[in-house]
Every structure is written in C-alpha cells, then in structure tokens.
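Here are the chains, one letter per residue:
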Amino acid sequence: MLELIELTKKYRTGTLAINGVTLTVDQPQVVAIIGPSGAGKSTLIRCINRLVEPSSGKVVLDGIDIVSLPRRELRKVRRRIGMIFQEYNLVDRLTVMENLLSGRLGYVGFWKAYRRKFPAEDVATAFRLLDRVGLAGYQDTRADELSGGQRQRVGIGRALMQQPDLLLVDEPTASLDPKTSRQIMRILVELAQESGTPTLVNIHDVGLAQAFADRIVGLRNGEIVFDGTADQVTADVLTEIYGEEDWSTTIRRAGDKDDQSISDKKKNLGKEAAAG
Amino acid sequence: MTEGVETQAGAPLQWHRIRLIETPAARYVLMALAVIYLIWSVSALDLNWHRLSTGLPRAANMFARMIPPDFSRWHLLIKGVLESIEMAVAASFFGMILAVPLAICGASNLVPRPVYLFARALIVLSRTFHEIIIAILFVKIFGFGPLAGVLTLIVASTSFISKMVAEDIENMPPGQLEAIRATGAGFSKLLIYCITPQTLPRYLGVSIYRLDANLRHSTVVGIVGAGGIGETLAATFSRYDYDFSLAILLVIIALVFVGEFFSNWVRGHLR
Numbered sequence: 001m002l003e004l005i006e007l008t009k010k011y012r013t014g015t016l017a018i019n020g021v022t023l024t025v026d027q028p029q030v031v032a033i034i035g036p037s038g039a040g041k042s043t044l045i046r047c048i049n050r051l052v053e054p055s056s057g058k059v060v061l062d063g064i065d066i067v068s069l070p071r072r073e074l075r076k077v078r079r080r081i082g083m084i085f086q087e088y089n090l091v092d093r094l095t096v097m098e099n100l101l102s103g104r105l106g107y108v109g110f111w112k113a114y115r116r117k118f119p120a121e122d123v124a125t126a127f128r129l130l131d132r133v134g135l136a137g138y139q140d141t142r143a144d145e146l147s148g149g150q151r152q153r154v155g156i157g158r159a160l161m162q163q164p165d166l167l168l169v170d171e172p173t174a175s176l177d178p179k180t181s182r183q184i185m186r187i188l189v190e191l192a193q194e195s196g197t198p199t200l201v202n203i204h205d206v207g208l209a210q211a212f213a214d215r216i217v218g219l220r221n222g223e224i225v226f227d228g229t230a231d232q233v234t235a236d237v238l239t240e241i242y243g244e245e246d247w248s249t250t251i252r253r254a255g256d257k258d259d260q261s262i263s264d265k266k267k268n269l270g271k272e273a274a275a276g
Numbered sequence: 277m278t279e280g281v282e283t284q285a286g287a288p289l290q291w292h293r294i295r296l297i298e299t300p301a302a303r304y305v306l307m308a309l310a311v312i313y314l315i316w317s318v319s320a321l322d323l324n325w326h327r328l329s330t331g332l333p334r335a336a337n338m339f340a341r342m343i344p345p346d347f348s349r350w351h352l353l354i355k356g357v358l359e360s361i362e363m364a365v366a367a368s369f370f371g372m373i374l375a376v377p378l379a380i381c382g383a384s385n386l387v388p389r390p391v392y393l394f395a396r397a398l399i400v401l402s403r404t405f406h407e408i409i410i411a412i413l414f415v416k417i418f419g420f421g422p423l424a425g426v427l428t429l430i431v432a433s434t435s436f437i438s439k440m441v442a443e444d445i446e447n448m449p450p451g452q453l454e455a456i457r458a459t460g461a462g463f464s465k466l467l468i469y470c471i472t473p474q475t476l477p478r479y480l481g482v483s484i485y486r487l488d489a490n491l492r493h494s495t496v497v498g499i500v501g502a503g504g505i506g507e508t509l510a511a512t513f514s515r516y517d518y519d520f521s522l523a524i525l526l527v528i529i530a531l532v533f534v535g536e537f538f539s540n541w542v543r544g545h546l547r
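Order-wise, the sequence lines are chains A and B. Note that my numbering has the first sequence beginning at 1, numbered continuously upward. Note that my numbering has the second sequence beginning at 277, numbered continuously upward.
Chain B with its partners taken away, still in its complex shape (with noise of 0.2 Å):
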C-alpha cells in the first residue's frame, strides 16, 4: 500500500484519514442514490405552482381584511386567554407531581431492571403522539372544552419533565450514592438527602419551562375544541372574523413573550 513512499527512517509519508465507507466506488454510488431519492420525493409531491400563485391574492386579501385588529370583542379574548393561563398553570402543577414518582422510576441507576423498563415504556409512549392527536383522543372522551386541553397538556408535561429528570438522575456521579448508601441510609433518605438536593434546580428548571411551553400549547389545543384561547381563535377563521382573527394573535405573542420573559427570569436565578 505505501511502496516507494517509505523514507531512510522507514516511516510511512503517506497518511489519510479512516472513512465511514471505505470502498469509493460504494461511497459514490450510495451519494447518487440519495440525491436521486431526493429528486424523487420533491417531484411526487406535485408541487402545484398554479395553486400556489392564485393562493397569494387571497392571502393579500386576508391579511387587509385582517387590518385593523378589532378589540371589540375584548370580553370573548380575556375570557380565553384566561382560561388559557388556567389551562397551563393547571397542567404545569399536576405535571410536576406526576413527573416525580415517574422520573425516580425511570432513573436506571435507582430501580429494578423492570420498573426502570416500564416507566421508560411509558414516558416514551406519551411522548409518541403530538399533543394535537391527544387532543383529539380526550376531545373524543371527554367532550369540548378545557377538561380534554388540560388533560393533554398534563400528559405532555408529565412525560417531560419526568425524562429529563430521570436522565438528570442518571447523570449523578454515582459516589454520591454510593457514599449515602454507605452511611446506612435507606431508598427514602437516598432520595432527600442527596438526589433532592442535587436534581431539585434542574426539576424546578424544567418545569419553569414547561409552564412556557404549556402557554404555547394551550393556545393549540384550543384549534381542536379543546378550550383556551385557541378555540376562540378556530371558531373566528371559520366565521371569517378575520379582524377579531389578528386581535387573538397579537395577544397569543405578547403572553408568549411574557411567558417566555418569566421563565428565562426564573430560570437564570436558579443555580
């Protein structure tokens, strides 16, 4: 491989680096393939650039039937961004108790091999579908209305705040846990004597955030029926209120923004 290139100390002069693929000839035919997939799923969509074009007036019109915001109906907007804020704040707080036994089980270096598998089942399970199709699901059960919303955002937090705990967990130092162990103490101390002290900033952290995300998300889940500030917003582009339309949006940014605000506030005095 390195014939003639050897030097009066016999040290190779040629060096290249190890690649993924070795055989050029595999590495370029598998290149052509994925571009030539790419070109094909591009064409299969049938991009319709008629329809694109005819759509961009309609969205001119939309948008000048948008201006101006029509505030007028400020009773309707308070009465769901309200509930909105309930909704989140509500899912936010069963979230948080619910993700505590559930990360604890799902921490790998605190638990048996199964409860450690079915905790995770779980968590993965809840984390399979986006909140709209759960939405959907507890609209289905439960009827229209803030229950289905917040019994969706209870699952998503749930499921999220419990996996970056338990991973928070399992990335402990395992001599701390060691030592605790060492002094006697049982599971229950272990967990407030030193996984409490050591995981709570990144608990509270998270949940911090996840009230933010729930914000964001309530005014989602309200689309399908199910309450909150985005079921007032669902039913004006059905009616066509397109004016009422942008009021709702502009107030759905400025609580985003808020949200946002408060939990990058908190975030940054936790430590």
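Same shape as in the complex, but just chain A (with noise of 0.2 Å):
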C-alpha cells in the first residue's frame, strides 16, 4: 500500500524537516503520528501528497514512485489520497454541498465544475456522507455559518469523497474542544475503517491517539524514534519522543480501552452529531 523510503526533506532554510523516515503501512490501519512541535509531522504529511516537495528518498503508493510524477500524472495520484485539515480549509464563501462536491474536481471536467454539475452518482454520495457525519439537511449551508466542529465534518466528507486509496489527517483536533475532538476523531476511525481505507493522522494529544490509532509512529527531530501500538507508548517511550516529564497523567492505564466499546459509538454517533 503505502511505503515511504528514506524520505527527506531539507528547507531552503537549511532546516531539516524530516531525515530519512523510511514507514510501511501494508494494511489498512490508523497510523497516528506523534511527536513535539516542530518534530516534522506537518511536513512529513504533505511530502506523500507533495504538498511540500521532498528533497530526497521516495513515496511509494501501490508500487507507483509519487516523487518522481510529472504535474499531471501527480494530479491522478491526488485524486486517490484524501487530505483533512487542522484548519478544515474549507472555501468558506461555498456551501457544504460545493464543498464535499469539491472532493470530485479531479473527475469532472472544466464547465462541468463551473456550473457545479456533477455527476448524479456523486450527488447521491455527497448526500450520503453528509447524513453519516451528522450534518444531514446542511447541503446549502455556507461553510462561514458552521462551528469548528461542523466545519471538520464537512472536512472528513470532502476527503471521502474522493473514495481515496489513502487518508492523510493533519491534526485534525487541535481547533477543538475535548469533547468535539473525540466525536471528530470516532467519525474518522469508523469511516476509515468502514472503508478499509490506511490512514495516517497527525495529532498532538497522546490519550487521543492511544484511544483511536491501531499503530503509533513517534517523531523527533525528523526521524521516527518509536513505532509501536498505543499499550506499548510507556513513561520511556514517551521521554524518548519528547523529552524528560512527569509522564504519569497522561498515559492511558490499561483497562480503560475506551470509553464506549465500538458498539457504543455507533448507536451514540447520530445523537452527538446532530448536537455538534
């Protein structure tokens, strides 16, 4: 699925971003990346969709190199890796339906996109994912009129809507409150899930991550220094990653796996959606 190979980035600053991180992920898994500020999770993110041009070593999707793409054939791999944002990045001044149709620009042509007329299929699938990130009846709503929260919805369903191959999520919480960040967080595991679809997030808030990735990847200094599953993230690792604290507040015990079992979620999802 997807590999990365001693993939590098160096800024015209002279920072190094990221220094030779070399990542598999051959099932379909949540992949939470970890690590400081400024450990090179941002930018690690957007070297695999070439949001930010790496310097060196590869990205491998399904046996094709996206490094060395040429503009248009790195516009086809896009299409097929979905991308969801701290910021939600929605075009503000769009309605929600413009916006989820959004994830579609790849496949339809010029005045098609113009005159905002998309296939019907795609119709019929916007209205899906709508209903099922809790938003259904928004369709005409602009994206300037929704709360953080909603906006981060619209979000998870212009990426899915681009039926991708891969999700890439940078830090898609850290706008939110506790509460609507795990609502977010529980969309976004059970759609990719769902899906089936590798999915790597970045995220900050190491409960979070120990509550909803299958794997953790830590990050410092550009380089992955811990990959592992949540149970495995202990007071050394986490010293390891960030550096020397008092560890023992923020480490999930074993025993509290989650607060609600994935059944649960399911049958609260729809009751927190229409709330958020």
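If you are wondering where the hints come from, they were derived from the structure by calculation, not from laboratory data. Incorrect hints may appear among the rest.
Claimed, not checked - In silico lysine to any residue, SDA-like type, Cα no more than 25 Å apart, as pairs:
{"no.": "1", "chain 1": "A", "residue 1": "Lys117", "chain 2": "B", "residue 2": "Ile468"}
{"no.": "2", "chain 1": "A", "residue 1": "Lys10", "chain 2": "B", "residue 2": "Asn385"}
{"no.": "3", "chain 1": "A", "residue 1": "Lys112", "chain 2": "B", "residue 2": "Ile468"}
Each of the two chains sits in its own frame; use the hints to bring them together as a complex.
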C-alpha cells in the first residue's frame, strides 16, 4: 500500500524537517504520528501528496513512486489521496454541498465544475456522507456559518468524497474542544475502517492517539524514534519522543480501553452529531 | 544606568520607552532641520500676497457672471453628459475584463515569480502617471475625442481593479488553496472553485467603485480634449461663458452624487 523510503525534506532555510524516514503501511490501519511541535509531522504528511516537495527519498503508493511523477500524473495520484486539515480549509463562501463535491474536482471537466454539474452518483454519495457525518440537511448552508466541529465534519466528508486509497490527516482536532475532538476522531476512524482506507493522522494529543489509533509512530527531530501499538507507549517511550517530563497523568492506563465499545460509538454517533 | 534606584527586591524602579532615535542630540538636530526645511520651502514658493488680493475681485466678478446658470444650450449639456457616462461604463467594462488576467498574474501565491514581477511592473507602471498625463498622451496619439478618454480610463481602471483583486487573492488563507490542490484539481479548477468564490465579492465591489470613479474622472479627462462633459466645460471657460460653466458644474455634481449613491447601494448588497 504505502511505503516511505528514506524520505527527507530540507527547507531552503537549511532546516532538516524530516530526515530519512522509512515507514510501511501495508494494511488498512489508523496510524497516529505523534511528536513535539517542529518534529516534522506536518512536513512528513505533506511530502506524501507533495504539497511540500521532498528533497530526496521515495513515496510509493501501490507501486507508484509519487516523488518522481510529473505534474499531470501527480494530480491523478492526488485524486486517490484524501486530506483533512487542522483549520478545516473549507472554501468559506461555498455551501456545504459545494465543499463536499470539491472532492470530485479531479474527475469532472472544467465547465461541469464551473456550473457545479457533478454526476448523479457523486451527488448521491455526497448526501450519504452528509448524513453519515451527522450534517443531514446542511447541504445549502455556507461553510462560514458552521461551527468548528461541523466544519471538520465537512472536511472529513470532502476527503471521503474522493473515495481515497489513503487518508492524510493533519491535526484534525487541534482547534476543537475535548468532546468535539473525540467525536471527530470517532467519525474519522469509523469511516476509515468501514472503507478500509489506511490513514495517517498527525496528532499531538497522546491520549487521543492511544484511544483511536491501531499503531503509533513517534517522530522526533524528523526521525522515527518509536513504532508500535498504543499499549506499548510507556513513560520511557514518551521521554524518548518528547524529552524528560512526568508522564504519569498522560498515559492511558490499561483497562480503560476506550470510554465506549465500538457498538456504543455507533449508537451515540447520531445523537452527538446532531448536537455538534 | 539604574544605579541607586534598585529596590529591596532588586527590580529596577525606572523605565522609559525605547525611542526611534536614542541619542537626544541627534533627535533634536533632526527636528530642527525639519523645521528649517519647512520654513525655507514656504519662503521659496514666493507666495505673492499682492497677486492673491487682486485675484479676489476677479473671482467675485466671475461668480457674479455665473449666476444665474444658463441651461439654454441643454442639448450640448445632455450630449456631453451622455458621452461621459458612456465613456465611464465602457472603460469600467473593459477594465473589469482586462483586470482579471492581470490580477491573477499579479498574485504571488498563484504564479511563478517572473510572471508575478512582470504583472506587478505593468500595474505599477500604469499607476505611475496621473490620468491627465495619460490622457494628454492618448490625445496626441489618437486625436481629440472620447476614444482617447475611454482608453485613458481603461488603463486606470485595469490597473486599479487588478491591484485590488491581486491583493485580495494574496490575502486568501493558504489552506483553502492547499485543500483544493490536494483533491487533485488543476490550476483552472482552483480558479473557478476556490479563488472565484472567495474573491468575487471584492472584485464586484471594486469594479462598482471604479465605475463611480470613472464617472468623476471622465469629467476631468475632457479638459485636455479627451471627450465627455469636461471638454464642453473647458470650452465654456475659454469662451468666458461662465453661466453655462455653472450649469455644467451643477450637472457634474448631480452626476457624481448619483454615481456615489448607486455605488454605495450596490456594494452594500454584496457580501
């Protein structure tokens, strides 16, 4: 599926943001990337779809090396990679439906896009996703009228409209309150699991990462210093990633696996979505 | 520096803000130089109080001859006003069209550096000269009449609208562009799906404002022979038809008022 080989990004300022990162995601799993600010989490994720141009190394998605692709081919690959952002990055003056349909821009012609004439199945998918992320009925609301949590739901919807083979998620909850953060993570993980899409999530909240990710990767100074499951994240591991600190209040104790089991989550999703 | 003012806690008791020029001597010398230059430049202008005082009765005479305004040659007046309006509308229309590519090329976050610099150079160049100078140039090239006036106003409108819109595009949050690019959309779809919706209100607002400005400027460029009501006005002054001049001035005032109200009304309804 996805393979990063010796991926390196050196900015023109001389900063070595990521330094020879090698990482393989060969099954549909949620991988949380944790690490201190400035560790290169954002750069790493942006190098995968080349919103940031890597300096060297390879990004191989299903056998294609993205780094060496020419512009036109890159656009084709980008259609297969959904991305979700910290600041949601919706087009504010467009409606929720237009924002969702923008996930299909790579597949429609110029005039069709201009007149917002998307294929019927895309519109149907958009309505289904709208319902799924808990925003049924919001299709004609302008994006700038939504709350942060609602915007992120649209952001998730837009990424899934691409029917991606890979999801890149950059700090999806950093601008949200704790409750909304959990709701957003829950929707994200559920949708990723349902569609079997491998997902890379940058997240600085270690607790959230442990609660929702199948696998946790620790990044420090642009290098991977930990790669394992949520349960393997110990105080020593966090010290390795972030530096010396009292971690006793951060790490989730074994036993409180999650507040709710997966089946409970499903039941609650609808209720919380309506509130959020 | 803070000797003797330290308290028992060791914290300084004195503080003053950091000044632009720290040395007092340098500060006062610069201030004195500025005042001396101001005095010198006023005296160098050689303001002649005698000429000013003899001008006053002439002004009184001119205003006396203006009243009452003479609307008898209203057909000339109407013709001039209509020509001015036509010039303003045509110039705004073509300015709006030409400004679009120039604004896109002048946005540093959209185009490669050389394209950006070229577009910005064009914009700066056409903003360097006042409309009157451009109008004189076009009158020399294309002869008297509204063509020179329209071309002048097109140049001014294009550079004004494109500068404003280019800056609006540059002020867009980069994340939105990033998100649309990440879906695999190319440049053309980025334009129609992200940049257009985000900058359209600004573009229309600036264009409507420019229509209003063109209405005002179309009365001015006529004075150097570039058509419109201004040309009629200049002719009345040179023929000492001051009563007709006043009639024209009143109409121009009315025209500008209407333009201003229209522009404000439309811009109030954009969001």
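Now the hints, each set against the structure:
1. Under the criterion of a C-alpha separation no larger than 25 Å, the hint pairing Lys117/A with Ile468/B is consistent with the structure, at around 13 Å.
2. Distance hint between Lys10/A and Asn385/B is fulfilled; the C-alpha atoms sit about 21 Å from each other, no more than 25 Å.
3. With a C-alpha separation of about 11 Å, the suggested pair Lys112/A and Ile468/B falls inside the 25 Å cut-off, and the hint holds.
Hint compliance for this structure: every hint is met.
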